[in-house]
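Novice: As you go down the protein sequences, you meet chains A and B in turn. Taking the working numbering as reference, the numbering of the first sequence is continuous, increasing by one, and the terminal residue is 182. Taking the working numbering as reference, the numbering of the second sequence is continuous, increasing by one, and the terminal residue is 183.
Note that these hints are calculated values from the structure, not bench results. All the given hints hold, so there is nothing to weed out.
Sample of chain A residues at the chain B side, in silico, Cβ under 10 Å: (1) L6; (2) I103; (3) F142; (4) C143; (5) M144; (6) F145; (7) D150.
Note that beta-carbon positions come from the ideal geometry of N, C-alpha and C, so glycine has one too.
Read off the chains here:
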Amino acid sequence: MAHIDLPEGLPGIRGPMAFRPETAKPLNEFAEILLRSDNSLSRADREMIGTYVSYLNDCFFCQNAHGGLAQHYMKCDMPFIDNVKANPEAAPIPEKLKALLAIAGSVQKGGKHVTQAQVDRAKSLGATDIEIHDTVLISAAFCMFNRYVDGLGTSAPQDRMFYVNRAPARAEEGYANYNPYS
Amino acid sequence: MAHIAVEEGVPGIRSLALFRPETGVHLYELAQVLLREPSPLTPAERELIATHVSARNNCMFCMSSHAAAARELFNENSNVVDCVIENKPTPLLSDKMKALLNIAGKVQQSGKAVTQKDIDDAKAHGANDRDIHDTVLIAATFSMFNRYVDGLATLTPTDPKEYEPMGKRLATVGYVTPKKASN
Numbered sequence: 001m002a003h004i005d006l007p008e009g010l011p012g013i014r015g016p017m018a019f020r021p022e023t024a025k026p027l028n029e030f031a032e033i034l035l036r037s038d039n040s041l042s043r044a045d046r047e048m049i050g051t052y053v054s055y056l057n058d059c060f061f062c063q064n065a066h067g068g069l070a071q072h073y074m075k076c077d078m079p080f081i082d083n084v085k086a087n088p089e090a091a092p093i094p095e096k097l098k099a100l101l102a103i104a105g106s107v108q109k110g111g112k113h114v115t116q117a118q119v120d121r122a123k124s125l126g127a128t129d130i131e132i133h134d135t136v137l138i139s140a141a142f143c144m145f146n147r148y149v150d151g152l153g154t155s156a157p158q159d160r161m162f163y164v165n166r167a168p169a170r171a172e173e174g175y176a177n178y179n180p181y182s
Numbered sequence: 001m002a003h004i005a006v007e008e009g010v011p012g013i014r015s016l017a018l019f020r021p022e023t024g025v026h027l028y029e030l031a032q033v034l035l036r037e038p039s040p041l042t043p044a045e046r047e048l049i050a051t052h053v054s055a056r057n058n059c060m061f062c063m064s065s066h067a068a069a070a071r072e073l074f075n076e077n078s079n080v081v082d083c084v085i086e087n088k089p090t091p092l093l094s095d096k097m098k099a100l101l102n103i104a105g106k107v108q109q110s111g112k113a114v115t116q117k118d119i120d121d122a123k124a125h126g127a128n129d130r131d132i133h134d135t136v137l138i139a140a141t142f143s144m145f146n147r148y149v150d151g152l153a154t155l156t157p158t159d160p161k162e163y164e165p166m167g168k169r170l171a172t173v174g175y176v177t178p179k180k181a182s183n
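Modelling step: build the complete structure from the supplied sequences, incorporating the hints.
Specialist: Printed below as a string of structure tokens:
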């Protein structure tokens, strides 16, 4: 049971967002820009960063909701996403994305963990300042979302296919028009 | 030096909101709603939670600027801010605020670190669901802001005096997205 009296039947972040629409609005507008707006980083890459950070934070709801979206955008299967989460450096993904995931992993530990060498590596593989900025902010943002979801003790469906099955509709819906009741 | 080419001489999150105004506008709106708009917690109490989390994350810029805002808002009781940063007991802190700061400290570690006992303690001292919601979201939000500011190695003034005008501005006008033209 959640730590506070949330509207019933809404898993994960949906409960807190329905409880407090005033803060849900800027949070969703922020997510829309950060994860979906035109960007040299694909939606797949950005959802993968969010998934990886949520995995490191052990947030079941977020890593599966966003993992489902990453899987949808990448047109891959669940084991592929799980492999990237478990060991990005060994996964069959572009070197630049590996470098960005390394930065995201450091941000998850704490902002000061990001090293000059990590930033230099990403830049040498073609990452722009905006891409590095967005990687840091996506990682930081999921350190917020994960804490919001778990800090209030929300519930999450345990069947991972629940998230995979919902992903196409979620990708269609986007974040700006996110309806916690739907 | 910052990891990316932000405007020189502009500190902390202001430099990032200028670098990427598309996200900056929503982050400032979130801060304004969360820290200033109506809540059972006063703006001073909410700034204190932000200061506590930033101190625990060792984010000098966020801690100093929000501590300055909290000192302004607490007025003659501004000493409570330094007691919280230094972890010293003070009669200026209610049992309810102590319990909420404890929850914020747990959220700073991880959302999963919050226990039923933490919640029960807060409720036993009069915290309602909104108090607890706002505490958790403020702590989560500063877990983001602290990482954003330090993860990009933004400029952090070292002279405490430089934070006083920031605190006055945050206490009086609140969170207004910085714009290049008006700088």
